[in-house]
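**Q** Residues per chain are reported as follows:
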Amino acid sequence: MRLEARGEVSRFMLVAAPFAAVAFTLLVSSLFVAWAGAPLGRTYALILDGGFGSRFAWSETLTRATPLILTGLSAAVAFRARFYNIGAEGQLYAGALAAVAIGGLHGGTGFAAHPALLFPVMMAAAMLAGALLLLVPALLRTRLGVDEVVTTLLLNFIVLLFVSMMLEGPMKDPTAMGWPQSVALGDDLQLGKLIERTRVHAGLLWAVALAALLWAIFKYSTFGFAVRAVGANPRGAAFVGVPVQWTMIAVALISGALAGLAGAIEVAGRTGYVTLDMSPGYGFSGIVIAMLAGLNPLGVVAAAVFVAGVLVGADSMSRGVAVPTYIAEVIVAISLLSMLMATAFARYRLRWH
Amino acid sequence: MLPDILVILGNADFWAAVLRIATPLVFGTLGVLLCERAGVLNLGIEGIMVAGALAGWLAVYLGGSLWVGVMVAALTGAAFGLLHAFLTVPLALSQHVAGLGITLFATSVSYYAYRVSFPNVALPPTIAPFAEMAWLTIPILAKQTPMTLLALTCVPLLAWVLYRTPVGLAVRMVGENPAAAEGQGLNVNAVRTGAIVAGSALMGVAGAFLTLSAFNAFFFNMVNGRGWICVALVVFASWRPGKALLGALLFAFFDALQLRLQQGGDGVPYQVYLMLPYALSILALVLVARRAAYPQALMKPYVKGER
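Note that the protein sequences, when read in sequence, are chains A and B.
For the first sequence, our numbering assigns the number 183 to the initial residue and increments by one for each residue that follows.
For the second sequence, our numbering assigns the number 96 to the initial residue and increments by one for each residue that follows.
Among the clues, some could well be false.
[Unchecked claim] No more than 25 angstroms apart at the CA atoms, straight line, and that leaves these computed lysine to aspartate or glutamate pairs for DMTMM-like:
id: 1; chain 1: B; residue 1: Lys395; chain 2: A; residue 2: Glu186
id: 2; chain 1: B; residue 1: Lys395; chain 2: A; residue 2: Glu190
id: 3; chain 1: B; residue 1: Lys399; chain 2: A; residue 2: Glu190
id: 4; chain 1: B; residue 1: Lys399; chain 2: B; residue 2: Glu277
id: 5; chain 1: A; residue 1: Lys354; chain 2: A; residue 2: Asp369
id: 6; chain 1: A; residue 1: Lys354; chain 2: A; residue 2: Asp459
id: 7; chain 1: A; residue 1: Lys375; chain 2: A; residue 2: Asp231
id: 8; chain 1: A; residue 1: Lys375; chain 2: A; residue 2: Asp497
id: 9; chain 1: A; residue 1: Lys375; chain 2: A; residue 2: Asp459
id: 10; chain 1: B; residue 1: Lys399; chain 2: A; residue 2: Glu186
id: 11; chain 1: B; residue 1: Lys238; chain 2: B; residue 2: Glu227
id: 12; chain 1: B; residue 1: Lys338; chain 2: B; residue 2: Glu271
id: 13; chain 1: B; residue 1: Lys238; chain 2: B; residue 2: Asp99
id: 14; chain 1: A; residue 1: Lys354; chain 2: B; residue 2: Asp361
id: 15; chain 1: B; residue 1: Lys395; chain 2: B; residue 2: Glu277
[Unchecked claim] Here are the simulated distance ranges between beta carbons:
id: 16; chain 1: A; residue 1: Ser403; chain 2: B; residue 2: Gln391; range: 33 to 39 angstroms
id: 17; chain 1: B; residue 1: Val363; chain 2: A; residue 2: Phe405; range: 41 to 47 angstroms
id: 18; chain 1: A; residue 1: Ser236; chain 2: B; residue 2: Thr221; range: 41 to 47 angstroms
id: 19; chain 1: B; residue 1: Ala223; chain 2: A; residue 2: Ser236; range: 45 to 51 angstroms
Honestly, the hints are just simulated from the structure, not real lab data.
Glycine is no exception: its CB is placed at the ideal position from the N, C-alpha and C atoms.
Go ahead and model the full structure; you've got the sequences and the hints to work with.
**A** Here it is as structure tokens:
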């Protein structure tokens with residue numbers, strides 16, 4: 183079995199590939215649903231309805247998509263330079279913690295500054311926390327050649343333990359009855375709701391605006407070109423005068439900042455405080471979303487809405503039929519693998535001899 | 096603090112714990128090592144360990160013997176390895192992304208399978224796990240289960256295969272210089288696929304140790320980063336089986352030590368102790384970074400006719 187590059191990659195193949203991937207995903211996921219002994223059509227209908235079928239469903243999906251867009255962008259930026267930041271989960275928590283440190287300590291009064299001043303400081307602190315957390319692996323990679331995959335993965339565990347330490351120590355909410363939960367942000371620091379009586383908050387606009395900004399940067403700026411060059415061929419990039427190490431560090435700072443911001447926006451828009459389960463793996467889902475989107479920032483928005491819809495839909499589906507909610511993660515994982523295969527088949531054909 | 100540590104170190108139970116903690120890491124590290132020696136990074140380990148833990152345990156729960164459980168875990172690992180090999184070898188996809196995809200897939204499928212099999216259980220169902228080898232009468236080994244013995248046997252076995260057999264030579268060649276290996280008449284893709292499948296089988300067994308030996312049930316999040324630590328240990332071990340055993344023991348030593356110190360009640364938050372193993376893994380990577388002898392073709396897909 184070996185690969186043979188297609189002489190010319192047809193537009194049809196490139197357009198058809200994602201559809202083939204979706205069809206394949208549905209097919210394989212169906213086997214899992216059938217295994218649970220549930221009616222196929224009804225299960226999918228319930229997922230679709232729970233994720234996208236009503237105003238309420240859409241509001242829940244968009245609420246869930248907000249942090250996913252940001253972690254998706256975080257992964258997309260880093261992966262474009264082939265800097266494999268797998269630590270978005272930790273950076274998200276670091277950002278959330280920094281946001282509460284600025285906006286929630288001292289009984290929720292913060293540093294007694296005006297919210298108009300405190301809010302941007304809070305967001306900046308979250309971005310800085312995420313960026314600094316990723317700066318260490320980035321420097322280890324560029325200076326010492328330590329693989330960033332393992333360091334960022336391991337930092338996730340350290341950050342989560344640190345969060346746990348803070349929630350039981352200095353940042354503990356004394357009124358939470360022993361539940362590990364941080365003090366809450368001041369009310370005037372929370373993001374406004376976009377739609378009445380739903381949980382959709384202004385963070386969604388931030389996330390979409392950042393996606394558009396990054397898209398423009400990658401399409402039109404020299405920096406965007408440098409990132410792509412470093413990702414495609416670092417030696418070639420260095421040869422034409424791209425500062426490879428600095429580009430990689432800049433990419434790491436942006437990627438970490440985006441994940442940190444995701445944490446702060448979750449706190450300011452949804453939860454109001456930090457808990458140890460505030461992110462059900464948003465950092466890791468971000469990687470899937472970035473890959474589904476082909477690392478395109480605008481595609482990240484679409485992919486995040488898709489993944490959020492499946493997650494929200496599966497939650498509501500499992501109340502109707504006996505299929506565990508983990509089917510959502512199964513569907514997302516299969517869609518990642520089939521998308522990867524589809525892109526490969528669009529560019530290459532397999533020869534069996 | 097120091098006298099406490101000395102007391103702990105003088106205790107045979109402590110050293111038994113070190114060996115116990117090291118066992119899954121030995122299996123996992125050897126698995127990663129085999130894949131990487133053939134030039135393929137396998138970040139699927141974290142998920143493959145989860146799948147191995149569940150599949151092995153489920154086989155025993157459904158009436159199989161404990162060794163059947165180990166075999167089932169190995170086959171499950173091999174199956175996911177075959178998928179990883181398909182994605183990374185003939186399809187030449189990014190090994191980072193494919194590996195993470197395998198981890199997500201294997202983990203979610205395992206959790207789903209567990210929930211489908213046991214929809215409403217308050218307490219996780221249990222099995223009778225491997226017993227300690229009391230008949231062995233060697234102080235620390237007698238406290239271990241046969242799986243630890245298997246792990247310790249695998250180390251020289253893999254070293255022998257890698258350095259003393261044609262198969263091992265082939266694996267090392269495709270990991271260092273696939274074009275030259277091809278020139279010698281080797282089928283690069285077949286050798287790489289074989290190495291990934293065998294390595295992933297070891298990862299599956301690593302997971303099964305948790306459910307068949309360390310504990311007697313399957314828990315969510317029970318692998319808890321052990322797979323990632325194996326990936327770090329391989330770098331620390333310079334891709335050598337003997338050093339991999341050393342690395343796993345060293346890591347387990349610190350892990351066992353922090354577990355004991357945690358119970359000391361010295362006012363240090365217990366999370367600080369729990370952080371130590373992860374922090375030490377990163378430190379180990381930094382220390383060996385300058386002299387890390389990566390297999391030359393690691394993470395470089397081999398497509399015939401492309402350079």
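**Q** Name the hints, by number, that the structure is in violation of.
**A** none
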